[in-house]
Structure formats: structure tokens, C-alpha cells
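These two chains come separately, so use the hints to put the complex back together.
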Amino acid sequence: MLVRSSSFLAAAAALLLSGCASTGAGTRGPEADAGGPAAAPKPLRAGLDAQASGTVFPSTYRPLPSRPTAIINANILTGDGREIRGGTVVMADGKIAAVGAGVTPPAGAQVIDAAGRWVTPGLIDAHSHLGVYASPGVQALSDGNEATQPNTAEVWAEHSIWPQDPGFNRAREGGVTSLHIMPGSANLFGGRTVVVKNVPATTYQGMKFPGAPQGLKMACGENPKRVYGARNTSPATRMGNVAGYRTAWIAAAGYARKWDKYRDSYAEYERKAQAGDRKAKEPDPPERNLELDTLAGVLNGEISIQNHCYRADEMAVMMDIAREFGFKIAMFHHASESYKIAPVLAREGICSATWAGWWGFKLEAFDGIEENAPILHKAGACAVIHSDDANIIQRLNQETAAALSAGNRAGMNISKAEAIQWITLNPAKAVGVGDRTGSLAPGKMADVVLWSRDPFSVYAQAEQVYVDGALTYDRRNRAFQPRSDFELGQAGQSGVETGSQ
Amino acid sequence: MRALLLAAAALAVALPVAAQDFAVTNARLLTAGPAGEIASGTVVVRGGRITAVGPNAPVPAGIRTVDAGGRIVTPGLVSTNSTLSVSEIEQYGETNDFSSTSANVTAAYDVQYGINPASVVIPVARLGGITRAIVTPELGGGANGPDGGRGGATRDRLFGGQAAVIHLGQGPDLLVRAGVAQVAPLGDVGAQSVGGSRGANVSALISALDDVRAYQRNRAAFERGESRDLGLSRADLEALIPVVEGRMPLLVSVSRASDILQILKIARERKLRLIVESGEEAHLVARQLAEAQTPVILNPTADLPSRFENQGSSLENAARLQRAGVLVAIAGDRTGHYARQTRYNAGIAVTNGLPMNEALKAITINPARIYGVQDRFGSLEVGKDGDLVVWDGDPFEPMTQPVAVVIRGVEQPLRSRQLDLRDRYMRGEGVMPPAYR
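Chains as they are written, first to last, in my numbering: chain A, 7 to 507; chain B, 234 to 670.
Worth double-checking, as some hints may not be accurate.
[To be verified] For the chain B half of the interface with chain A, some residues (derived, Cβ under 10 Å), not all of them:
1. Asn337
2. Gln449
3. Arg489
4. Glu514
5. Gly661
6. Gly663
7. Pro666
Don't read these hints as lab results, they were simulated from the structure.
Idealized CB from N, CA, C, for every residue including glycine.
Okay, chain B solo, but in the shape it has when bound (with noise of 0.2 Å):
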């Protein structure tokens, strides 16, 4: 231990501190890319951006070079469907932003307004090698149940708001893409938000989505208040026409695989992309998931029947799924404090059965072909930003640290507020200022 520590002060010191250029060779990279594993390889990355990868990449002359010592590098890890940048404390709704009370703004919403670059909780995302987040709206239900009140904002909403992509590095401007989904809670949490019931619940979906049509065909008519009334507000119709497009996906937070079934049907119908959030039970309909090119973002450790529309959880799930050509990513935990949780939830799918290659591409490249910006992030490939994290291990393992952590060509530092508190602490500094001490 003692050994890979100085390795990876050394590391630390050996990048670059802003954004420059640099090669980090003699590395085991796991591209999650077309090139697969390359046992021994470069990554080189120039303005932010991976130039060259592969087992002989060129180094260009004169460039920084840092021998990774055969360690692992992998791309940076996507937290997927997390609060990160938008709640402080969870239980505190004044330190959250990541959901509307507001009858007015309910698609119209957007988590895009409430990013915090100053949070602290985003430096320990790094520290668990976390380089983006997709971040959405309260989801309603979700892998970890109907908990702490999240499906209370969602109350008479059919529609959460919108997503949006971030990066974790520093800087004032952390948006990489706003308005990459819109939510909608379905099953237990959709019924008991809209209607009391599946049947009122996907009813008024169907509905709320033919007004979006309406609108859409004639705005003028609306805004000279000739149109019937449309139910939902200007600017949720607004928020809603890439929906019926096709443009913007719907994020659909649903377990059982009736309900599964239900949505898959709907969308085909209406020619809507969708997304299915938590599905436990997508495993027992994977064939007709992977015939609607559906992806599944779920939480491979619900194996619980924590509700009596997921008795059928299981930790295969994420195997299952992949198996049968569905895409799937996979999400640590949605409060973003425990987004050093998605490399673990990774193994743990590997237990149950996913390839490892597969699970690294579940928090990685999936998630980000999931949400379009596949060509931003997500693997080590020519022409993506500069992510990259540096292992003295096998990333899945909670034994494995990460000693150093890139973000769009920038070098982070391996530091958080909880780290200094451990510092102070474990040194018996305490609160004395140095002169005290």
C-alpha cells in the first residue's frame, strides 16, 4: 500500500495542474471503446482532448510523459440519475434543487438553473474516480424505494423536468448539456402522484402528450386563447415537444414488467424514445426491451421486494438484461454523496453475471449514449475530452483507490472536505488554528 501511495504522489506530481498536454504510457487501458482492453498502451491527450490511444500511440516530442507502471486507466465514471451539484443535505429541501412545486413548472422544469460548481459533495464524487453526472429531476420512485419523500414532489405532476449533463471538474461552468430527458414517475409513484391509480395515471400521460400535439399544431390559436384548454401550462407544452418529437427522451421511473410492457406500447405508438429508470423487473421482459432499443438504467443491488410492484428483483438483472442486447447503465446510488458507489454496484453486477467489460461500458459509455453525449465522453477514443482515471487496482473494488483523476485534460486534486477533516483529525490537530497546535 505503502508503495502504490508514493507511486501515486509521484503521479500526482508528474500531470499537469491545468489543462496541458500530456501522454501517460506503459498503462492496461480499458477504453470501453471499439479497442476494447489494450494490455499495455498509451493514452495521449492534447487541449483537453484524447489524441491518440492504443498499444504503440505515438508520444508526441517534447510532451509530458507519465509511465502509469502497468496500473489500470479507464475512462472517467458517469454517476447516472444523480442529485450531484443540486442537493447540499437531502433531508434540507432548501439545499436541494432537483424538483418543482410549482403547478406551472412541471416539464418545464430544469435542473439546469440550480447546478452548484461550490458543492462539496462533488470533490468526493472525484475521489471515487466520478468525472460526470447525468443529473435529473426527483425521479419518484426508484431502486432504493419509496423513500424519504422522494416521490412527494411529484405529487398531482405527471412530469418531473429536465435532465441535463455535467462535468465534476473546477470552474465556475459545469453544464455540458441541458435538457437531455424529461422524467416521468410511472407505476406506484405515478399512480399515487396523478389519479390514484395506472389506469388515471397513463391515462392522463396519454392525454397530456395529445395536447402537446395540439399545441404544437397550432400555437397561434393558444396564444390568442382560442385553443380548448390544454391542461398543462405554456411552458410545459413548450418543454414537451421534443418529447413527441422523438428529439428528447422520456425517462420513465418503473418496476414492474407489466408496467414495463405498458410504456414500451405507448412509446412505440407514439414514436416516443424512452428510458427505463429502475426496472427491477425489466429482466423478465428483456426480449421486448431490446426489441424497443429500450435502454434500462437500474441499481444492481435491488434484490429486495421492497415494494409489491418489484417481487421480482433480482441481482441479475443487469446480466439478464445484456444478455439479451438491451443497453443498460448502471447507477450507484441518486444521492450524489454515495456516487463513489457506481464502481462498486459495477462488481457487484460483474458477480452476478455481467462481463466485466460490460459492467466498466455501464458507467461509462452507456450512459452516455444513453443520453447523447456519446461523442463528448465515455471511453478512451480519439476526439473525446480528456477523462481519464488512473487506478492502483481493479476499479470495481473497494480496496482499489484511484491515484489520479483527469477531467477534460485537467489534472484534479485527489481532495475533498472530508479528507481534510480526516486529516485534522488523524494528525490530533483538532480545531486549534496552527499557532495552538
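So that you can see chain A by itself, here it is in the shape it has in the complex (with noise of 0.2 Å):
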């Protein structure tokens, strides 16, 4: 299927945090271009910069209004494996505040009672193409995969978001509120990700995450090789696929030393300008390469590798080449054998996004089984239950239900308070968000969700969702459901509904 055969990306939250080379396409943000050795030359200018990338694009998100809140009298999961039975979480300026048994409301604020309902962390998508596959399903809007050739590691994934796609509707109504959406699986590197909040807006710069890093798709096995095999083109076999990355890297890192060059060099020539050295001759930059720009960056370590793989002996080759360049993999995605393997990606600290449910679809994904995510998780491996479906991203607790439901049928004996981590903070770190959201802990943001009951149940409906502290979507009033452009005027979207009266 389009999506399926299209779909991987992971995060990786630690490598980004830790990365601070000097070569690179920093995704950071305003902080990229705060000084410190890495800091661009002068003269040039952003878009001409191999280090500019954190600054251009820049995210218009801001909050919307908010008032303190308090949820109390609800059973709460926190997204980093506690449950608190009659608790209180408190937010106030898009923080989350206090959160615990005994915590009073603070004066002034709105009280809701939940009355036993269950409140989690907002859902986190670790591999959506909502906006880039978006709905309908039209030619038109068939934007995730540009499989023109099989290294197309100069894209982003966002320059294709579009942001009336109703499926970011209905995944708010699922309780999802952060998503990290990917390129397709068609190409070995697919182009840079981009992880968004779940908030209406008319560009998707208005949802972009602030300061959120991005990832790079990476795609082992059967997709490029069907793709390209298909054209008589390279990669048509694993084995090709696996020339096609290194041979990459290999340009990446002669492309990093480069510019790494340049900086010195003109660091030598600022250094004799102002010494008055009138001969000092200023040096010509290298030129701007989208497609390396990204590959260094993940050198660098300012950009995770998201790698859709299935098969655990491709995982143990994608570690290889891993070790052999210098970088890290932040996670597999699909993952659908990462349970053969999981002591080792307890220890190599890679996470896995995968499903309970899907399976068979083709070859690489034969051995899939719904215990994936807990033999992870009981193997000390991080385990993500991620979408990859616009359907499947509206239940994700569904989608993780089943799989916590199968682990204990084997006797795992895993609480639904660490399951919850597989669809929250587990996806946050992986996705490079960790310490901004994903869990109830104070001083992050207020994404939280007010559920009608057990998140775990079929019935669980979200009744109310908040992003950065602010009410974005209320099952109970109109006022709070967004629609978008598209959806306006059509058929059975207007609550008149006809025949059935």
C-alpha cells in the first residue's frame, strides 16, 4: 500500500541534544545561530549557508489563549510510567504546573471535576504523513515521496504539509497533539522530517514545533529496491541499497570537511583583518549542497536518523553502517522484528515505532507480531506505537490497548501506566521533544487530554483536548471543533443531515 510501503521515521531526541559540530545544517532554531565556534560567517547569507537551516522556514506557532486550569479527581497516567488514582493536574501559561493527589487548585483558576474520567499526556505520532498524504486521496495531493531518485536527502517533508488535510482534525479528536510526519519509504534517504503540534492553522509554519530538531528518513528493504529495481535503475537489490548509502556518506563527510574548511579559514581571515592585515584575503565559500547539507547534519549530530526498517538483519547492517560513518540511529520504524533483537537495541539506545496490528502485508513485515512493543519494553528497549495510517492515528490507545493486551496474555505484566509511554514521552524523546512535552511533569507544555473513561477501553472517547494549556478541541461544544477549509460545504459535514430523519 501507498502509505505502508512509504512510511519510517524516528527520532533522535539524545543525539540532537548532544550534537554541537561545526559543520552543519542546525534544525535548532533560534539557537543555532547564537554564537559559539559553529557560527556562521558574516557574509553570508541564509540561504547560502550550509548552516542555516535551523533559521530558515521559522515556525509562527504561539499558543493560543489559555486561562489556569485544574483538572481534578482524575485518574491520571503521566507519561513516565506513574498513575495517580484522584489526582489534580494544574496548568497555567501553557505549563503544566502541578500535578499529584494532594495538589489544591490555585486561586482564580477554572476547576474541571473530572469525576474519575482518566487524563494522559497528548498523544505523540512518532510517524504520521497526515498534510503529505493527506485526504482526499487525490493525485494532487500525493506529496510524500519524491521518487525521482533514490537519494533525495534535500527535500523536507514540510514544504509538503498541507494543512487543510481533515486528518489533523480527526487525529485531534483521537488526542493526538504533537506529530512527527515523515517522508514516504520510496527512496533510501527520503528527505528531512518535521514534527508539528496539532493546532488549526493556514500554513504549516503556524503548527511547526518550536525548536523541535528534524530527522532524516532513511528506508531499508523491500521499497527502494522495488522502486528503482522496477526502473532498471540502482538499488535493485538489498545489497544495492546498501552501496547507495554508504556511497553517501562518504560525499556527506567529504562535503563536511569542507565547509569545515571554509569556517576555519575565514576564522584565520577575520583574525589577520583585524590585526590589520590588509593582504588578508577573505575565502570563498564552498557551495551550498541541499542534498550533503542534510547528510552532515546528521554527522553532526543535529539531525536524527528516522529509519524505516523491518527486518532485524537489516537493522544489524543499518547499525554497521552506523558505526562505520560516525552517527547514530535515533529509530526503526515498522520495526516489525525488532523483537528478535531487542537486547541490542536496548543497549545501542534505539527506539522502535511499530504496531500491534499490522503484519503480512508483504515479506519484510511477515514476522510481525503484536508483542513486538512489549518484549521491547520488557527488554529495557524503548518501544513506540506510532500510526503510519490516518485511520490508525485517531486510536492510538486502541492500537496500543492491543498491544499491552497481547504482552499480558504472554504474562509481561505491564501496567497500562508504562504502556502509555509507548504512544507519549517514549515517542517525544525519540522525536527530539522529550523535554518540551510528552509527559505531565511541571514546567512542560500543557498538552493534556481529558478522556471519557480508561484510555485503554474501545469506548474511550477524548473529551477534551488541550495544546500549550489552551482548549483545542471539546467533544461537548461546538465552539471548540475545528474544521478546516476543505471540510466546510460538504456532504454530511454541516450537521444537517439528510434521508436518515
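Right, dumping it as C-alpha cells:
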């Protein structure tokens, strides 16, 4: 299937936080040009500077207005492994202000009595194609795979996002507050990923998660070799895939060296010029290459590797390539066979984003099992339940319940408080925003869902969804039920149903 | 959980391994039949059939008896409009037996000849409580949108072929009944397949049905080569006779409300029996569907405007249709691998307004009725095949698992290739043979 064969992105948050090398396609927004040894030579325009990626297409997202709100008498799954019965969550100034059983709502706060209903962090889909494969699924909106050559590291998924995709609204009704949107998996290098907040917006920049790192989508296995093999071009085999990755990393390392050399010589020039050396000659910058920019950004740790890879043996090859060239893989996506090497993934600190239900649609997914996430979790590896689908994203909680249920059928005895991490804190960390959202910890973004009942139930519905402390969806109040431009005036969407009355 | 598993193990041991006579007592019976829910009752199965059901059904002397401990027992679930048994890996054509690419075999195409009882997909479905499947040829469109070339094999074909009903027990022959419906995609996919527009597609359909009538009236002339050109092959014309006679339903994959009204009119004029499949906008014409007594098979998760023809998709489709008096069956996912989604989908329909007992019927007796096999299975009623599932909780909940699955009186092993894989790696055995573990 189009989407199934096109999806995989994961996130390397830890990487991104540690990366501060001198060459790169910085992706952390304003911080990226905050000085330091990596500061770009002044004369270069952003568009010509290999280091300027973090400053262009800036986020224009601003949290919606909110007022201090306390949800009391709630069963709280905090997202970091705890369950609090009869607790309170306080949101103020867009942040989580307090969480606990003995918390008193601050004076003047709006108080919502959950009356035993459940509260979780906003859900995070680590693998979405909303906006890039929007509804309706016409060719005109098929913008997720730049399947024109096997390496398109130069493209950015964000430039394909159609903010009108009704899927964003449906996903929010399912409690999703942040999404990691990825290019498809036709290519060895599919392009850069983006994290967005799930808010109504006219432009994608209005959704862009401020300061979130980008990822690079890579793809193993059947998709690249099928797409390009069918055109009688490389890669046509898995060995062709691997040669394609390695060739690209070699080029990226050379490109990174060239820019490092330029920056060194520019610094030297500045020193000499300031010392009054009139003969000091300003060096010419290398020509910028968008494809290599992205790869170099991975090598210097600013862009995470989000790797579509189903089979355990192929994951082992990818880990070897990462060692060979000195980068880290943040997450394997789909990862149907991660359970076969769970201890290795735990040791390497690589997350696995997977489903409970999908398996067998191709051979590399033939060994997919419902217990994948539970086995990883028990091995101490990072497990993530993702959607890769405009319908499953609306029920990530149920997909997680199916995985948890299968794990407990096998006697794993995993709690709901632990399992909710698979769709909250774990994906947040894996896409590089774990320090900002994904759990109900004081100081984090107040991305919160109030559920009608235990979210592991098929009957649970998100009743209220808060993004940065602002009520962004309310099932009982049409004033908080966003509709995209595309949805206006369509059949059955006006609330005036016909025929059935 | 642990206690339930132990109880499950005990139950598995207690139930017969081959078709034997047994009784399940102290069960909360959701019969999906006229008896509705029986808070505490007994089911007796003898000779592979249900011989007694009720709060006080007598347990024959000497019969093996299993105490369900108050757990829920339902009829076996039905995977409606599925590729179960005819598709091992969806993306690989050579493992799929659900469509014809021959120009001379369209309506004559019959899925029954491709049924593979050894498919590893079947045991996975059983673990979701599925005991029967309606196996259909490629439907063309469907609730999941124009994906993966599902419409591809129907190109230039008005008809997709004939569906079959199977059971999911063990053994060489799963076929329950062949020829239970003829498939025809309409709407976007129909138009793309034939003539490039709805006007061409529907006109071609009407013309083909007229040709079948002409053929039926004068087979002899056709055999002598004296009839006008009838467009379809002889095999296809033969296959369509039960359709024009109203003996075999025409399963139309159709989404848009106006397309549904068009085919209802054609069916009324020609006395066809219709089944609407996909039907994302069926709720907008629920009254007309009810008046025409046309059932709808739908996926209750289809809420996105995935195509221009289903802008009216709604999570409340099932509930609105049922309220209007339409017979509704809930499909899981056409892909047999995801048949276990069937019971969750029933739950999703309940969350969006369908009464719980109606949701159970929509995955048991209703599909059986729609395909004319309600005398064989679909409810816990005397005389029906001994298909039942014992659950450790609410059967629609993902957190619930079946603890016993019985098909035609035979308890099924709760095993699959996927569970074998699980056990191998959960226990750290890996690929080495026992000597090296």
C-alpha cells in the first residue's frame, strides 16, 4: 500500500541534544545561530550557508490563549510511568504547573471535575503522513515521496504539508497533540522530517513545533529496491541499497570537511583582518548542496536518523553503517522484527516504532507480532506505537491497548501506566521533544487529554484536548471543534443530515 | 491477568480436542439470536451442533461440562468481505487468489477454487475470535480508499466474480457455501474500470444485465452462434443468471449517497437483490436503504473524506443506519491479516451510538443473514453449528482475549505462527535447535 510502503521516521533526541559540531545544518531554530564556534561567517546569506537550516522556514506557532485550569478527581497516567488515582493536573501559562494527588487548584483557576475520568499527556504520533498524503487521496495531494532518485536528502517533508488535511482534525479528536511527519519510504534517503503541534493553521509554519529538531528519513529493504529496480536503476537489491547508503555518507563526510575548512580559514581571515593585515584574503565559501547539507547535519548530530526498517537482520546492517560513518540511529520505524534483537536495541539506545495489528502485507513484515512493543519494553528497549495511517492515528490508544493485551496474554504483566509511554514520552524523546512534551511534568508544555474513561478501552473518547494549555478540542462544545477550509460545505459535514430522518 | 490465564488453560484442557459433545455452563450468553442476552446460562453442543441454549438448558448425563465461571460466551465472529484463505501476502500477486485478470472470466470468477486451508493467516484470525469468513473477490474501492491497486484487477471489468463462505476450522475443506454473491464495483472505481465515468459504467452494467436476460431466454441460439453479440463470455453470462433472477445478491462497492440511490433504482426496476458494501455515505440515504431492505456492510472507522465520493463519511454511519432499520454488517478490514480488528470495530461502532447487542449482531448473525447462511451459524441457537467463543471480558475490548474458540463443535488450538515466533524470542531461544539452547 502507498502509505504502508512509504513510512518510517524516527527520532533521535538524545543525539540532537548532544550535537554541536561545526558543520551543520542546524535545525534548532534561534539557538542555532546563538554564537559559539559554529557561528556562520557573517557575509553569507542564509540561503547560501550550509549551517542556516535552523533559521529558515521559522515556526510562527503561538499557543492559543488560555487561562489557568485545574482538572481534579482524575485518574492520571503521567506518561513517565506513574499512575495517580484521584489526582489533579494544573495548567498555567501554557505549562504544566503541578500534578499530584494532594494538589490544590490555585485561586482563580478554572476547575474541571473529571469525576474519575482519565487524563494522559497529549498523544504523539512518531510516524505520520498527514498533510503530505492528505485526504482526499488524489494525485494532486500525493506529496510524500519524491521518488525520482534514491537519494533525496535535500527535500523537506514540511514543504509538502497541506494544513487543510481533515486528518489533522480527526487525529486531534483522538487525542493527538504532536506529530512527526515524514517523507515516504521509496528512497534510501527520503528527506527531512518535521514535528508539528496539532493545531488549526493556515500555513504549516503555524503548526511547526518551535525548536524541534528535524530527522532524516532513511529506508531499508523492499521499497527502495522495488521502486528503483523496476526502473532498471540502482538500487535493485538489498546490496544495492547498502552501497547507496555508504556512497552517500562518504560524499557527506567530504562536504562536511570542506565547510569545516572554510570556517577555519574564514576565522583566520577575520583574525588577520582585525589585526590590520591588509593582505588578508577573504576565502570563498564552498557551494552549498542541499542534499549533502542534510547528511552532514546527521554526521554532526543535529539531525536524527529515522529509519524505515522491518527486518532484524537489516537493522544490524544499518547499525554497522552508523558505526562505520559515525552517526547514530534514533529510531527504527515499523520495526516488525525488533523483538528478535530487543537486547541489542536496548544496549544501542535505539527506539522501535511499530504497530500492534499490522503484519504480513509484505515479506519483510511477515514476522510482525502483536507482542513486539511489550517484548521490547520488557527488554529495557524504547518501544513506540505509531500509526503511519490516517485512521490508526485516531486510535493510538486502542492500538496500544491491543499490544499491551497481547503482552499480558503472554504473562508480561505490564501496567497501563507503563504502556502509555509508548504513545507519549517515548515518541517525544525519539523525535527530539521529550524535554518539552510527552509527560505531565511541571514546566513542560501543557499538552493534555481528558478521556471519557480508561483510554485503554475501545469505548474511550478524548473529551477535551489541550495544546499548550489551551482548549483545542471539546467533544461537547462545537465552539471548540475545528473544521478545515476543505471540510466546509461538504456532504454530511454541515450537521444537517438528510434522508435518515 | 494471571488468574484469567490459568483459568483459560484449565478451560482449554477441559474442552474436547475433536468434535465431541460438551456443555458450557455458568456463562453469560450473548446469543445474537432472539433470546438476546442470557445473564447466566448453558450451551450444549452435540455432534458439532448446538442442541440446547438457555438459562436452564438441561445438561445431558455424562456429557463433558465446562464451567465458564460467569465469563461471556458469544457466537463465533464473522470476518465479512475478507481475503482470509485467499491471500498470504497482500503485496505479492502470486500469493493472492482473489481476482481474475482474464477478459473471459469476470462474473464467472469464483474465489472458492483458491481457498487455502493451510494459510498461516487463518490461525491469527481465530485468535481474534473469528470462526467464519465471507471471502469476496476484489471489491475495487472500499472503506480504505483507492490504495494498493485494489482496483487494478477489476480494470475493464464490470463484475469481480463470486464470493464464498468458509469456516476457519482445521481440515482440508473450509468451504461452507460458494456463489453467495456477485461483486460489482461502482462509483469512482467502477467508473475508472469501465468507461471512465459513472454514466458509462452504469449504462454498461444495465446493458450487461439485459444481455444476460437475452441469453437466458434463448441459450440455444447462443449455442448455435445465432444470437447477437452479448459482450460477456458464455461463462460470465451463466454466472449472472442467478443475479438477474434475484437468487444471488449483487454486492456493489459504492460510497456516494447519490450512487447508492441510482443502484437502488436499477435494482428495484430489475428485481435484483443488492448488498451495499463500503457505503460511507449510506447514512445520508438510510431511509431509502431501509425501504428497499438493502443491507449495508461497512467499516465503522471510515470517517475521513478519503475520496471526493465519500465526503459524508461519518463514525455514526452504523448507528444511523441501524436506527433507520437497515440491516448492518460490520467489516474488520478486507485484508485477512487484520480480521482480528473486527471485534474492535464493533466496539468503535458502539462508542459512536450503535447499541451493543446490535454491534454483536453486526459481526455474527447479520453477515450470515446477508449472505443467506443464517441457518448454519451466526447465533447461539439450537440447530446451528457449534461455533462459540469464551472471552475473558467484553469481547469488543482490545484488553480482552478469547480463552476458548470452538468451530463446528471442535475446540481450536489458540496458537499461530506469530505466537510461535513470540515464544521463540520471548524465551530467548532464538533460531538454534533445542540441542544448542
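Checking each numbered hint in turn, tell me which of them this model violates, lowest number first.
Numbers 1, 2 and 7 - these are the hints that the structure violates, sorted from lowest upward.
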